[in-house]
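Student: Here is what each chain is made of, one letter per residue.
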Amino acid sequence: MDREEVISVKEISKSFRTYKKEAGLLNTLKSIFRRNWIRKRVLHNISFEVYKGEIFGILGPNGAGKSTLIKILSGILYPDEGFAKVLGYIPWKDRKKLSKHVGIIFGQKSQLFWDLPAIDSFELLKDIYGIPEKEYERNLRVMVELLDAKEIIRKPVRTLSLGERMKCELTASLLHNPKLVFLDEPTIGLDILAKESIRKFIRKIAKRRKTTFILTTHDMKDVEELCERCIILDKGLQIFLGKVEDLKKYFWGRKVLTIKYEDKINIPKIKGLKVLKAEKYKIRLEVDTKQVKIKSVLQKIFSPNVIDIEIQSLDLEEVLKRIYRKRW
Amino acid sequence: MVAFRIIKNLAKSRLAYKFEFFGNLIFSILWILLLVVIWQAVFLFSNLESIEGFTFHDLIFYYIIIQLIRHGLDVDISYRVEQLVRYGNFVSFLLKPISFPIFCFLDDLSEKLVNIFLKILPTFLVFVLIFGLPPSTLTSFLFGIISVIFAYLLMVLIDFMLSTLIFFTKSSHGIFDVFQTGLHLIDGILFPLIFFPEKVYSILLYLPFPYLTFFPTLVFLNKADFLNVLGFQVVWILLFFPLSFFLWHLSLKRIEGAGV
Chain Z
0 MDREEVISVK EISKSFRTYK KEAGLLNTLK SIFRRNWIRK RVLHNISFEV
50 YKGEIFGILG PNGAGKSTLI KILSGILYPD EGFAKVLGYI PWKDRKKLSK
100 HVGIIFGQKS QLFWDLPAID SFELLKDIYG IPEKEYERNL RVMVELLDAK
150 EIIRKPVRTL SLGERMKCEL TASLLHNPKL VFLDEPTIGL DILAKESIRK
200 FIRKIAKRRK TTFILTTHDM KDVEELCERC IILDKGLQIF LGKVEDLKKY
250 FWGRKVLTIK YEDKINIPKI KGLKVLKAEK YKIRLEVDTK QVKIKSVLQK
300 IFSPNVIDIE IQSLDLEEVL KRIYRKRW
Chain U
0 MVAFRIIKNL AKSRLAYKFE FFGNLIFSIL WILLLVVIWQ AVFLFSNLES
50 IEGFTFHDLI FYYIIIQLIR HGLDVDISYR VEQLVRYGNF VSFLLKPISF
100 PIFCFLDDLS EKLVNIFLKI LPTFLVFVLI FGLPPSTLTS FLFGIISVIF
150 AYLLMVLIDF MLSTLIFFTK SSHGIFDVFQ TGLHLIDGIL FPLIFFPEKV
200 YSILLYLPFP YLTFFPTLVF LNKADFLNVL GFQVVWILLF FPLSFFLWHL
250 SLKRIEGAGV
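These protein sequences, in sequence, are chains Z and U.
The first sequence begins at 0 in numbering that gives the first Met the number 0 and counts up by one.
The second sequence begins at 0 in numbering that gives the first Met the number 0 and counts up by one.
Bound-form chain U, shown alone:
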């Protein structure tokens, strides 16, 4: 109940930034349309029915869904923690009777809920009106939603672990950037990871990153083994959950010893 009210209050604060709120969505839609045009050309000139099992229609929805999931998972806890530590009032957060990691999570969740209802769902509906229904079944759609929720938890944990770096380095900007860039090469935003050479692909399968956006998208499109994907996600969550708590406690010890 308390968590719900906190989320509600934080969600209100999100809506104060209207331009920022819709700005990156427009960019994202343009990006989807650009990729659609490029792939249209590829299919037109190669005369292929499908590439690695993806028809043109599949690819359109691949890009739509993966972009929308990426938006949904755009966790920026690390950025906010860094801002709090550098300019704001991180210390006063430590003096509130709420755990800082939990507050970060609720804060981010509030943003994601606002995003889903005001950005992601409406955009998805508009795309369906333009391009028709996605190649999903009801089951794949439901499993897709579960897999996105798991992906979100995984992303929160990864981002939170990154954010603890700020307590050990003076500035963690560079590390965030390297991480973001690296992530975009292997999260399937540019093209389905299946298009990678087989050896690379088989290595990626054992990393947590494809389970953030790529596999949830495939689950939606009914192109992956649901239980396999969910299983890997759960394993990574179970691994990262204690690790992120351990890192947070390490950071706390450091803060208490040397200040922020």
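If we strip away everything but chain Z, and leave its shape as in the complex, we get:
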């Protein structure tokens, strides 16, 4: 494929030195004098590429190493081993140069003056990045229009809702036309409508400006709707790299049947039918429709004792839950 490489990461590893302390006052006192240092592996042998204009997802449960990876790619941390190139720079060596072309958002933190309208923070960013007046005005106008944020940017940030604030954060990090934007959980805590409009905006910017986005998130809907490809980390290990479609395809055609019943029902032994969870008067079954048809399973199970049947397909969330629990 003849696409421009924006990020290339080769076999990056990182570990932190931290100390272990047992609970209790005595141990606290002890730890003042002697610390039990341990090395904790945060990333191990990570490799991937990201191309221009792509929205690339970094997924993983808490503590998987997502933020560490973003910090390495933006040059705040250097890795213990491995090599990375971002926009042609080695991030931890050329952070200053790289920073001109990069935008970053930490969904849980703000880069805006809390007590001032966001527009004042934008003006400061204009000076810090040295954005020419015309370009600044044009960019601001476009963002404000796309995000429907004309009123919002003139109110003190502390009075804004989370969704409104996120619109301002997005604007702030895109004013200098970055080629690459890191979004660390941009939709965290937002309601469905706000999430929807943020996602729409990110899609548009990626398409129009060919901006590359690196997105870490817990929200599988973000990934399903935005990302074409993603990487999944778990305890610092790379457990998946590829198309989001492929991830879903693996579980394609698998359905979950939840059956409620009274008294007793008979669960036949069929190939492609698996019991997920059995409770009193309720059972969850997984059906692989490539091996057995839902219809025939239902026919075999159905009896006057069955009260309710629910059929669901596996969504990405369920898929990930299984990956994390190592239950492929």
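By construction, these hints were calculated from the structure, which means they are not laboratory data.
Careful, some of the hints might be misleading.
[To be verified] Calculated cross-link-like contacts (lysine-lysine; reagent style DSBU-like; alpha-carbon spacing at most 30 Å):
1) K254/Z - K276/Z
2) K9/Z - K95/U
3) K11/U - K149/Z
4) K95/U - K108/Z
5) K222/U - K9/Z
6) K95/U - K178/Z
7) K51/Z - K95/U
8) K252/U - K92/Z
9) K252/U - K29/Z
10) K96/Z - K7/U
11) K95/U - K92/Z
12) K51/Z - K203/Z
13) K252/U - K19/Z
14) K118/U - K84/Z
15) K7/U - K95/Z
16) K108/Z - K198/U
17) K206/Z - K95/U
18) K118/U - K99/Z
19) K7/U - K133/Z
20) K96/Z - K252/U
21) K99/Z - K95/U
22) K199/Z - K95/U
23) K154/Z - K252/U
24) K118/U - K178/Z
25) K95/Z - K11/U
26) K11/U - K108/Z
27) K39/Z - K252/U
Every value quoted in this text rests on a predicted model; they were computed, and no experiment measured them.
Chain Z is fixed; fit chain U onto it per the hints.
Tutor: Only chain U this time, still in chain Z's reference frame:
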């Protein structure tokens, strides 16, 4: 030019906190008036013309000027850095194409400029209306201003070095407090350092702290050798400048190695 615009924008943000802005000034004025009353009593009951070369009028202006200088030098880079690291967005500052120490300096400078024009000068004028002119000459006044600028640079460097502690300890609050308290004993806010026993005073002369508020005040009042004071200030600045850069680079290495 860029620095100027950044200062202008940051100054705007300062004015958003109006109560905080004028609150501590009122406290400071009350403090000056209280000290004036105490010294008035001392002079009244002791029947002295002057103490260690300070007349009552000199002392009034000593307290006015030293308080105003202290306000002007109230550098809180360390506090802001700690807040940024603990709750805010220190990381995103590292990802801006501006050096973090320079940003801290501009940020603080913007506050000081606002302070000088909206707080310190007006207050000084009000005091002059009440107590008359200070015992300064034009030369001592000009040298006083230079010496305050040097004192400010010195204070910025000291405070910045303190702020790097946050990267090596989990919380540096305690250290800041100890420093602040210790500083107030030897910066001349309570009484002119000359009132200390001679041995203590002669040791203090070789520390950087009297050159922050005490000596600049004396320069204003035409009670110190200007060039001597400026000379010591320059020496301390030249010493602390490379040291603070070294500490910052040490902190950066630590941040890059272990995160914040």
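Student: Decide, hint by hint, whether the structure agrees.
Tutor: Tested hints:
1. Taking the CA atoms of K254/Z and K276/Z, the gap is near 14 Å; set against the 30 Å cutoff, the hint holds.
2. The suggested pairing of K9/Z with K95/U holds, with an alpha-carbon distance near 26 Å, which does not exceed 30 Å.
3. Restraint check for K11/U and K149/Z: the C-alpha separation of about 21 Å stays at or below 30 Å, so the hint holds.
4. Among the hinted pairs, K95/U with K108/Z is consistent with the structure: their alpha-carbon atoms are about 16 Å apart, no more than 30 Å.
5. Between K222/U and K9/Z the CA atoms are separated by roughly 67 Å; this puts the pair beyond 30 Å, and the hint is violated.
6. With a C-alpha separation of about 14 Å, the suggested pair K95/U and K178/Z falls inside the 30 Å cut-off, and the hint holds.
7. As the CA atoms of K51/Z and K95/U are separated by approximately 22 Å, the hinted pair is consistent with the 30 Å bound.
8. Annotation: proposed proximity of K252/U to K92/Z holds, straight-line Cα distance about 12 Å (limit 30 Å).
9. Proximity of K252/U to K29/Z is assessed by CA-CA distance (about 29 Å); at most 30 Å being required, the pair is judged to hold.
10. Note on K96/Z and K7/U: the hinted pairing holds, with a Cα-Cα distance of about 25 Å set against a maximum of 30 Å.
11. The suggested pairing of K95/U with K92/Z holds, with an alpha-carbon distance near 15 Å, which does not exceed 30 Å.
12. Pair hint K51/Z plus K203/Z holds up; C-alpha atoms about 14 Å apart against a cutoff of 30 Å.
13. About 23 Å separates the Cα atoms of K252/U and K19/Z, which keeps this hinted pair within 30 Å; it holds.
14. Of the supplied pair hints, the one linking K118/U and K84/Z is violated, its CA atoms being roughly 51 Å apart against a limit of 30 Å.
15. The hinted pair formed by K7/U and K95/Z meets the criterion: a straight-line CA distance of about 24 Å does not exceed 30 Å.
16. Under the criterion of a C-alpha separation no larger than 30 Å, the hint pairing K108/Z with K198/U is inconsistent with the structure, at around 52 Å.
17. Distance restraint check for K206/Z and K95/U: the Cα-Cα separation of roughly 25 Å lies within the 30 Å cut-off, and the hinted pair is therefore satisfied.
18. Taken as a hint, the K118/U and K99/Z pair is broken in the structure, with Cα atoms around 38 Å apart against an allowance of 30 Å.
19. Between K7/U and K133/Z, the direct Cα distance comes to roughly 20 Å. Compliance with the 30 Å bound is thereby established for this hinted pair.
20. Under the criterion of a C-alpha separation no larger than 30 Å, the hint pairing K96/Z with K252/U is consistent with the structure, at around 18 Å.
21. For a cut-off of 30 Å, the pair hint linking K99/Z to K95/U stands: about 7 Å separates their Cα positions.
22. Taking the CA atoms of K199/Z and K95/U, the gap is near 26 Å; set against the 30 Å cutoff, the hint holds.
23. Between K154/Z and K252/U, the direct Cα distance comes to roughly 39 Å. Violation of the 30 Å bound is thereby established for this hinted pair.
24. The hinted pair formed by K118/U and K178/Z fails the criterion: a straight-line CA distance of about 44 Å is larger than 30 Å.
25. A hinted pair counts as satisfied when its Cα atoms are at most 30 Å apart, and K95/Z with K11/U qualifies at roughly 27 Å.
26. About 22 Å separates the Cα atoms of K11/U and K108/Z, which keeps this hinted pair within 30 Å; it holds.
27. Taken as a hint, the K39/Z and K252/U pair is honoured in the structure, with Cα atoms around 19 Å apart against an allowance of 30 Å.
When the structure is compared with the earlier hints, violations turn up for hints 5, 14, 16, 18, 23, 24 and for no others.
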